[in-house]
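With chain A fixed as given, assemble chain B with the ligand onto it according to the hints.
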Amino acid sequence: MSGVPARITYREACRQAIRAAILADPRVFLMGEDVGRYGGCYAVTKGLLEELGEERIRDTPLSESAFVGAGIGAAMAGMRPIVEVMTCNFSLLALDQIVNNAATIPHMSGGQFAVPLVLRMATGAGRQLAAQHSHSLEGWFAHIPGLRILAPATVEDARHMLAPALADPNPVLIFEHIMLYNMEGELDPAVQGVDIAKARIRRPGRDVTLITYGGSLFKTLAAADALAVEGIQAEVIDLRVLRPLDTATIIESITRTRRVVIVDEGWRSGSLSAEVAMRIVEEAFFELDAPIRRVCSREVPIPYAAHLEQAALPQAEAIAAAARGLVRPAR
Amino acid sequence: MTAKVHLDRAHGVHLLREMLRIRRFEEKCAELYQAQKIRGFLHLYDGQEAVAVGVMQALGPQDAVVGTYREHGQAIARGIPMGPLMAEMFGKVEGCCRGRGGSMHIFDRQRRFIGGNAIVGAGLPLALGLALANRMQGRKAMIACFFGEGAADEGEFHESMNLASLWRLPVLFVCENNLYSMGTPVGIAEAETAIWQKAAAYRMGGEAVDGMDPVAVEVAARRAVERIREDGVPWLLECRTYRFRAHSMFDAQLYRTKEEVESWRKRDPINRLREWLEKAGHLHPADLERIEADVVAEIAEAVAFAEAGSPEPVEELERFVTMDEVPQ
Ligand SMILES: Cc1ncc(C[n+]2csc(CCOP(=O)(O)OP(=O)(O)O)c2C)c(N)n1
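Protein sequence lines correspond, in order, to chains A and B. Going left to right, the first sequence walks through residues 1 to 331 as my numbering numbers them. Going left to right, the second sequence walks through residues 1 to 328 as my numbering numbers them.
Possibly wrong hints are sitting among the right ones.
Reference listing, derived: stretches of chain A covered by chain B, where coverage requires no fewer than 3 residues with Cβ under 8 Å from a Cβ of chain B [claimed, not checked]:
| no. | region |
| --- | --- |
| 1 | 62 to 74 |
| 2 | 89 to 102 |
| 3 | 106 to 115 |
Please keep in mind that the hints were generated in silico from the structure rather than gathered at the bench. All C-beta atoms in this analysis are idealised placements derived from N, C-alpha and C, irrespective of residue type, glycine included.
Same shape as in the complex, but just chain A:
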């Protein structure tokens, strides 16, 4: 391997992560709908069946509850399954297994069983797939004690979050935003791994903190670029881990910038953005110089028509406007 950073897509990073995990540990296998012959509904697992075989790359029937539950059972019995649910919209058919079994059994059994399961799923909107394929439900799952929720936004996280997720004795849900799969980024071979505990500051700044994750990271960075032109230095935090939240990184940033905008593709009501805001209120209320602002999806089922879909989602202009309003309030 050369030591030169390679440019690869997020999709390729996910694929490399799965391949490496399966090659590294005989307990690891992948199962899900169309992960094998079809190559994955977002082409993440293309070629893996041919290389790794049917034992380790298992096409399942359209039975979300049964194969997610089977993943939980296999994890309890010593395997390290990676279960792919095509999108988080379909994970609702397995919600019972995730919430009532995976998240409860360790505690309910008095610590007799762990559920070292990794559940991957696509999330988010942007491809005109309409309401039943476009929702962002990671915030819902972040409500559940016992689960760890990851939202890799960069190629590096897509490549490296899987290994620590598999090493975690607890169920870990990984949400991959559909608009990121084609995104290219640099993968530095010097980086051998990442943590799955901390938020990261993706861009430092002193005037306002923009907190986001997943598919909204690049919109938020674009907003920060636009703000910089106007002389506003925005700090961008990528949460990376939605549960448990790395509150410390958030509070540290806010005590410096004293202003915050939270950007979340989930809906505003009862949301992850609300949780982040409340943590700030609880822990750093007196550090704030301005009200907390949020840029979230509009409260509608995400529509098909391109202009309506885009109007429903957080956009860089809206993020920049929210930040500008905090730093330079209209008089």
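Same frame as chain A, now just chain B with the ligand:
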């Protein structure tokens, strides 16, 4: 192992004793519920003892059991000691799950008893995964998965039957058809009330058996287990049974007549086996007295164990929400 059951004196008495242990244990549970020592939901197995006892005879220690929320009988027949079981219902830290699960969530790692599941049908997918893990790790073991006929209404039942058969997973599906899902008779919930026949649609073997007869259940279970071990394919065993008592402790039983319950009580699995053993000269009144006395003593000891138990310190409330390591 052979599917034939040699019903000699020792084995017959063993089956009787196991059923009596469950029956008397649960009589005590009901009493302790009235005394408010046990709270929450309590689902008694009264009448269904032959199913768990019969099926467990066919399993070995390497096999695992997935139970329901009506699982005291399944747990006792699997060999979980009564002390930790009772302490669990008392909510004490000496309980098999430290008092976190209660009556509906009995787990015992050592005896491969994988819950205790109060979501109807939710244990079936788990059984698939346990079986898959065994296969992938080269362990020759199988999973017995218990559920009521109400679970056959659930999509998870059908998903699991299909996947188990498709992937040839060594699972013995044990449907305890007690004719009611809470107050809903099977006839108004299922288009095909012969649950075992659903196996055919998944190219799986199945059979119905008299669930009020422990010997019949054992024979059928051994036959099924033998096939599963040989061919590595799943099997659906429907045990036709009846619960004599209410669904839980909050059930006025408006949905069935006293006469119906009485007519089923005539088929009480314990009385039937006892009478058979007596007629065959295998059981004398003194034997029965001794068994009953042993069982009473075992239960008294379990209750004393539970009474003497301590509450888990509240400081440990959040322990095991997430695990620091995977228990081996
Ligand atoms: C998914 C789900 N739906 C409803 C319930 C409420 N409920 C608890 S027990 C029960 C009846 C189940 O009947 P069956 O499966 O035949 O088992 P039995 O109680 O007769 O042993 C119902 C509806 C539940 N626990 N889980």
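Now for the hints, and whether the structure bears them out:
With 11 residues having a Cβ less than 8 Å from any Cβ of chain B, the region 62 to 74 of chain A passes the three-residue criterion, so the hint holds. Only when three residues or more bring their CB closer than 8 Å to a CB of chain B does the claim for the region 89 to 102 of chain A stand; here the count is 4, and the claim holds. With a cut-off of 8 Å between beta carbons, the region 106 to 115 of chain A has 9 residues touching chain B; three or more are needed, and the interface restraint holds.
Going down the numbered hints, you'll see the structure goes against none, and every one checks out.
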